[in-house]
Structures are given as C-alpha cells and as structure tokens.
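Asker: So the chains spell out like this:
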Amino acid sequence: KLSLALAATALAAPCAMGYTPQQAKASAGRRDLLKNAAAFTAAVAAPGLAGAYDLPDLPYAFDALEPFIDAPTMKIHHDMHHNTYVTNVNKALEGKPAVDIVTLQTDALSAGPGVRNSGGGHYNHAFFWDEMIAPDAAKKTKPSAALQAKIDAAFGSTDAMKEKFAAAAAPGAVFGSGWCWVVVNGKDELEIVGTPNQDNPLMKGVKDEIKYPILGLDVWEHAYYLKYQNRRPEYVTNWWNVVNWDKVSDNFDYVMKEHKGVPVRG
Amino acid sequence: MYKFVARPLSRAASRRMLSTSSPASLPPLAHAYDAYEPAISATIMEIHHSKHHATYVNNLNACLEKAEEASKTGDANTLIALAPAIKFNGGGHINHTLFWENLCPAAESNPPTGDLAAAIDAAFGSFDAMKAEMSAKSVAVQGSGWGWLGYNKSSGSLEIATCANQDPLEATTGLVPIVGIDVWEHAYYLQYKNVRPDYVKEIWSVIDWGCAEKRFAAAK
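Taken in order, these protein sequences are the chains called A and B.
Numbering follows our numbering, in which position 199 of the first sequence is assigned residue number 199; successive positions increment by one, without gaps.
Numbering follows our numbering, in which position 105 of the second sequence is assigned residue number 105; successive positions increment by one, without gaps.
Derived by calculation from the structure, the hints in this document are not laboratory data.
As the structure is a prediction and not an experimental result, all values here were calculated from the model.
Be a bit skeptical, because a hint or two may be false.
[Unchecked claim] Distance condition first, Cα-Cα at most 25 Å in a straight line; then the derived BS3-like pairs of lysine-lysine:
#, chain 1, residue 1, chain 2, residue 2
1, A, 164, B, 66
2, A, 227, B, 51
3, A, 207, B, 87
4, B, 193, A, 227
5, B, 137, A, 91
6, A, 142, A, 187
7, B, 87, A, 164
8, A, 204, A, 187
9, B, 193, A, 75
10, B, 193, A, 91
11, B, 220, B, 153
12, B, 87, B, 137
[To be verified] Derived, one-sided and incomplete: chain B residues facing chain A with beta-carbon distance under 8 Å:
#, residue
13, 52
14, 55
15, 88
16, 143
17, 144
18, 164
19, 186
20, 189
21, 193
[Stated by the list, open to error] What the simulated footprint calls covered on chain A by chain B, stretch by stretch (three residues with Cβ under 8 Å from a Cβ of chain B suffice, anywhere in the stretch; the number is not a length):
#, region
22, 75-82
23, 176-185
24, 216-224
Glycine included, each C-beta is placed from N, C-alpha and C at the ideal position.
With the hints as extra help, turn the sequences into a complete structure.
Answerer: See below:
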C-alpha cells in the first residue's frame, strides 16, 4: 500500500514540476514495476529488502542542451556517472528499510561513505537533469515574481547573482570536485554555497544549517571536460543558457512552503 | 609535433623551483607529449601540463606576490586568507612537478631494483601486491586527489597514502613522495572517460622506477 501511495505522489509531483505527464508516467511506471518486482523478490528471498532507487531518464535527448553542454557529456554523465551512483546507493542500502531519497540526505554524513557519496550523487544528479532544458525553451522561461524579488533582495539583480555564482563555482572556490548551489536558508533568504564532492546543503553538518537548493551546478570535471577541458569559467557562464527558470521557480515555491528538499525522480 | 629538448631537472633546480623565495615556474617535460602513449594520450599530456599545471604555477605566483606584500606589513589577516589558495596552487605545483618526473616512456619503464625493490617486498610482500594496493586506493579516492607510494621516515618503511584535491603528500602526512598518480578526472577523462580503474591499470606501464629509486635513496 505504501509503495502505491508513494507511486501516486510521485506521479503527481513531477507533473507539477514542469515536465510532461508522459515522462512522469513512464518513469513512475517503471519504478512501480521495479518496486513490485523487488517487493516480490524480497518476500521470497530476503524480507526487509529496501525498495530500489532507479536511474531517471533525462527529460530531453542527449543533444538537447547543445551547444552549451555537449551530447557525449550528457550521455556519459547520465548513463555512466549517475548510473553508478544509483547502483552504489542501492548496494549501500541493501537489507535496510526503504527511505525517500530526499530524506536520505539529512543524515548522510553519519550514514557512511556509501550513502554520503552515492546517495548524495544520486540526488544531486536527479536534481540537476530536471532544472535544465533546451536553450530555445530556456529562453522562454524566467524567474517568478516571488523568486525575482528574493534574488534582487539577496544579490541586487540576476546578473549580480550570476557573477557571485561564477566566483563561487570557480576552481579557486571549489577546490577539486563539487557543486555550486543557490539555496534558501533558514531565514528564507537566498544564498550561494559550494559543497565538495557529492555533498549537498540538505545534509546535516555540511553547512552551518540545512539549506534547501533551488538551483545547482555540477562542477566536477566530468560535467564539462570533454567540451571545455580546463575552462570551467566558460562552462559556468554558458550553463545559464540551459537553466529552466520555471522549474527553478517551482523549486523555490516548494522549498519556501515545505522547508524540505525538492523531490526528484528516481 | 611536440618536441621538447629538455633534461630532467636536477634536484637542486627542483628545490629552487619549489622554494617559495623565488617565483614558481612551469618545468618542461623530459619527453614529448606523445611519449607516454598509449597509456596517456598526447592530448591529455599537453592540456594537463600546459594548461592545468601552468594555471597552478600562475596562480601560485599571484598568491606569493600578495603574501610577500602582506608579510612586509605583518598583515596576518591577509596571509591567513591566502593560505587555502597557496595550499591549493602550491600543492598543485608540487604534485604535478613530482608527477612528470615519475613518468617515462613505456620502453624506459623497468621494475624497481636494489634497495627500493627490497623495501617494496618488505612492506607489501611483492611488487604486484604493492601495485594492487596502490591501484585500489587510488581508484577509491572520492572526487579529486592523488595516490602515493610514500616513505615513512619514522618507521623506515614504505606506505600507500591518498590525498584529497591538491593537498601535498609530505606536508599533509609527513610521508616522502616516491611515486604519485594523479586521479583528478582531468588526468584521464578525455581518454578513459569515467573508467578510472582502466587509467590506473595502464599508468603502471609508464612509471619511471629509476626516478623512484633516486627519491627513495635521498629519503632514507
């Protein structure tokens, strides 16, 4: 019953999040199948087996974000890197009770490196795919009035925010692998924060308090190396061309209302 | 064609270069960019050396200039604020300099002999066992970092260690670097994509054990 309820919620949430019912349904349907299969296997073989996370499909073709993010990168990033995180978080949670991927983030730092790295990796990448959209479509999106007001309050303007974001995402700020986020903090204000490796601000202990991402950029080298090599600043600047501000606005509405991490598919 | 008529740096020259009292400079490679194929592609070698390492050198010099100014006035705040960037760029410069020195064309890569070979056997059981442990630990580095074969001066034996980001081995762990493997994605991505284990497996064919022997002799 729980998995049906979860599936129903999962079906509803993605539609509200700005992608087509077909995409949401396809993903949830497959997840249902997996969950049912896992549940059946579990009843027979290993009672208490956790429901498996799975790799959500990209909501666009591999080449949809060209020329700003190249198709080979999207394919390898999704099919190899993200897939590995999904496999490994499922392994790390074998035999443990099922937990929503958002909830998993909270205590990730104390749950061991498997959960921290791969559970973080799964959430971060699932979050990442859904906030992007083809450049032509991206042009037609913009921050909601409420979001724009918060951006202006925190940074002065969207351009000023992008400048600050560029500085926070630069190699001199994120030393090595990591992510750069725009978050809502405990005072309902926007901030820009960087996190190392696959940590994210939803994890207790990563920042001074839990903060809720509304937008995030992968600055691991694998996210940009095939096209940009060492030119991370160019990647960061170009990335704004594929940001779906409607989805980011939805993310903002959600975290302001719920003070929870944005749900993701998978 | 990338032809460098360079000889390996003398130890004195390396020490001068790594000294913070003179500006850092990008050391030339001892071999052409394509000399490490097929283990490491010429494209990777060129970008890794002429872009990544060069950037560490340039940024380090910029930091050192600011640090020098701050030192003159005893401006501790500035010095403290500069510390992470000095660690990152200085570490990047140190690590990559050591890295180029411990790479050589496959035809020149011969297994260690003498004291180093004996020390490896003593610490790990065999050369293969050492490589297996160093490979596993290097592959397991989360995110960016380095795998090292290092010499522990207190215990007098060899150890495998890993460091995150550009943290330099000796300053971080006290171990003297003998052989380093860069496992930042930029070290292998264009050729190996996400398959870091394949890169680590292949790089053994271009490790310069002669250089390692010299470092070991100096460290003991």
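Asker: Any hints this thing doesn't respect? Which numbers, in order?
Answerer: Structure breaks no hint.
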